[in-house]
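Each chain, written out:
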Amino acid sequence: MKRTVLTAVLVALVIVASLGAWAPPPVPAQGVDVYINVTGGGSKKLNIAIPTFTVVSGTDAGGHAKTLAAVTGNDLTVSGLFSVVAGGEPVPANNSEELRRRWSEFAAAGAHAAVHGLLAIRGERLEAEMRLYDLTSPTHALIASKKFDAGAPQARRLAHRIADEVVLQFTGEPGVADTKIAYVVGRPGAKEILVADYDGAGTMPATRNGSINLMPVWSPDARSIAFTSFMNGYPDLFRIFPFEPQRPVQTLAAFAGINSSPSWSPDGRFLALTLSLHGNPEIYVLTVATGKLERLTRHAAIDTEPVWSPTGRQIAFVSDRAGQPRIHVMDVDGTNVRQLTSSGFHTQPRWSPKGNIILYTQRQGTHDIWAIDASGANPRPITAGPGDNQGASWAPDGRHLAFQSNRSGRWQLYFMLLDGSALTQIPLGVNEATSPTWSPRLP
Amino acid sequence: MVIRAGHLMVMSLLLGLMLVGCAKRPATTAATSAPAPAAPPAGTPSTPAPATPAPSAPGPGAPTAPAPTTPEARPSPKEFTSIAALKDVFFDFDKYDIRPEDAKTLDANAAWLKTNADNLVLIEGHCDERGTNEYNLALGERRAKATMNYLVSQGVQANRITIISYGEERPICNEKNESCWSKNRRGHFLVKPR
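From first to last, the protein sequence lines stand for chains A and B.
Following the working numbering, the numbering of the first sequence begins with 25 at its first residue and continues without gaps.
Following the working numbering, the numbering of the second sequence begins with 210 at its first residue and continues without gaps.
None of these hints come from the bench; they were simulated from the model.
Not close to chain A: a few residues of chain B, all C-beta gaps over 10 Å, as computed:
#1 Thr290
#2 Lys296
#3 Asp297
#4 Asp301
#5 Arg308
#6 Pro309
#7 Asp316
#8 Ala320
#9 Lys323
#10 Ala326
#11 Glu387
#12 Trp390
#13 Ser391
#14 Lys392
#15 Leu399
#16 Arg403
Simulated crosslink set (SDA-like; lysine to any residue; CA at most 20 Å straight-line):
#17 Lys304/B - Phe369/A
#18 Lys401/B - Ala280/A
#19 Lys304/B - Ala324/A
#20 Lys392/B - Gly213/A
#21 Lys287/B - Met255/A
#22 Lys385/B - Pro212/A
#23 Lys287/B - Ala214/A
#24 Lys296/B - Ala319/B
#25 Lys69/A - Gly97/A
#26 Lys287/B - Asn256/A
#27 Lys304/B - Ala346/A
#28 Lys385/B - Asn455/A
#29 Lys401/B - Gly257/A
#30 Lys287/B - Ala280/A
#31 Lys287/B - Asn233/A
#32 Lys392/B - Pro212/A
#33 Lys392/B - Arg211/A
#34 Lys385/B - Gly213/A
#35 Lys90/A - Gly147/A
#36 Lys385/B - Gln388/A
#37 Lys287/B - Phe254/A
#38 Lys287/B - Ser235/A
#39 Lys385/B - Gly210/A
#40 Lys385/B - Arg211/A
Heads up, the beta-carbon is just placed ideally off N, CA and C, and yes, glycines get one too.
In isolation and in its complexed conformation, chain A is listed as follows (with noise of 0.2 Å):
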């Protein structure tokens, strides 16, 4: 009976999706106790409260306590879940007085929780404890609390965590606020790779080598990127490691003709590709391990835009046989080739991380995002303009999705949630911004 403020908002986050698109439910993750299904945005949201974290051990010169706070609630914003509604002071830690005093404060406010967060400065390393509590209940219970530990410049990744836990509480699945964005930026014959926070924040270099570089997706792992590139005068394929010191280069493909389109397998162990060696492009799989090629088709026509479905059985791509590039799918040995878009100018599928979608873009004198039931039913916009808006990429929890839109006039990146809400520019300070590909979690 102490719960039903809260059961009532939880309910009312249980979404369903605008889109006919239903998920398997997540697999629950261990020791957590609320399961929502949740697929879209919505309009009923959890009102959450952050006030700036609470320093209870060292000297925060670099005002991490406020940063942590703001940038938890962004994240917990463009989830699509919450609403944050109070913060303010920090709460003292070890008085239960003031605590409770707060607390029925933001509840009165309008708040069904809030974070409590604790911040330990010790030299170079933050250490952050994040307490978690109802405030519908009178007692204002604890749901959960969880410490995370970084070094001081990584002061927002230790926000992203916490986001994403708060998420996990509420969801049964974690956030996508710890992951990066990889993307590429530059001019027609200078085009550079870059990575940033998913937020738009701490960008940093990947390929830096002059040439034209494209097609960016993250490995399984998130530690390295395929991309193709000119950089060794034709269009080859390779993988760079963008973590690490010197930012290693590895070539995954170098044949005659074009080497692009990558899509790792789930597993990483293989990459679908499309390799135009034998005079025309065709879609191979190759082992990353060993180099070996396979391959899957063996028609006239283009086929390209290899992507692997999550469960590693079937690929998606495009090809003009049927007079204009479409959707295909066929199964992972090359069998059971089937067209699964129709009447349009089709290209970019892009598999969701659930199996149930295929986004893809379609051109009608502008380009737009489009979504089809990977059976095949129901394709329907994701976007309809402003201006062209294509190249999407997936966030891990299949809720958001990244793509490039000019309805600013230039090429910019945004992302939303599948249902059109939560719509957000990624601000990355440059003047054209295009192939937005999402990392997995990092780990």
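Got chain A; can you put chain B on it based on the hints?
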């Protein structure tokens, strides 16, 4: 640490709701609707990627997987230069067939190449900015290949010809109109002495 006490009711309520919600929806996941191949050659979930190098292992230009070799050595595109004698050919949107008027251009180009047999030729395939860059890289390849095939049909030796696709990455005209796009959908020729 997670406080479990008191959450059972919330959990069971939500789980119950969710399962009811699920039952109303058709299962549309690919995993259940498609037959699994008898022996999937790739993508079978198993051990972590063996190709991942130890953090200190790879240096720049020191691949950890066997570097795939090319069937034959490729001449560097930088060694080739454009010449006025070889004219560009152009393509319709999303097409890679040679148009009749361009066939005449290619006849002249073929004649020049046969007369100047000491030259190797590089054919670049290009696209306009419309479409998406992954697809356009393949489309540019088909345009270069179609151009090459025509020259070969006119008696130019195939082993003198190298092709490269730049997709939409190297436009010669940067305005957003058909006049400009039509200039970018091209096959371009460069030569170098043998």
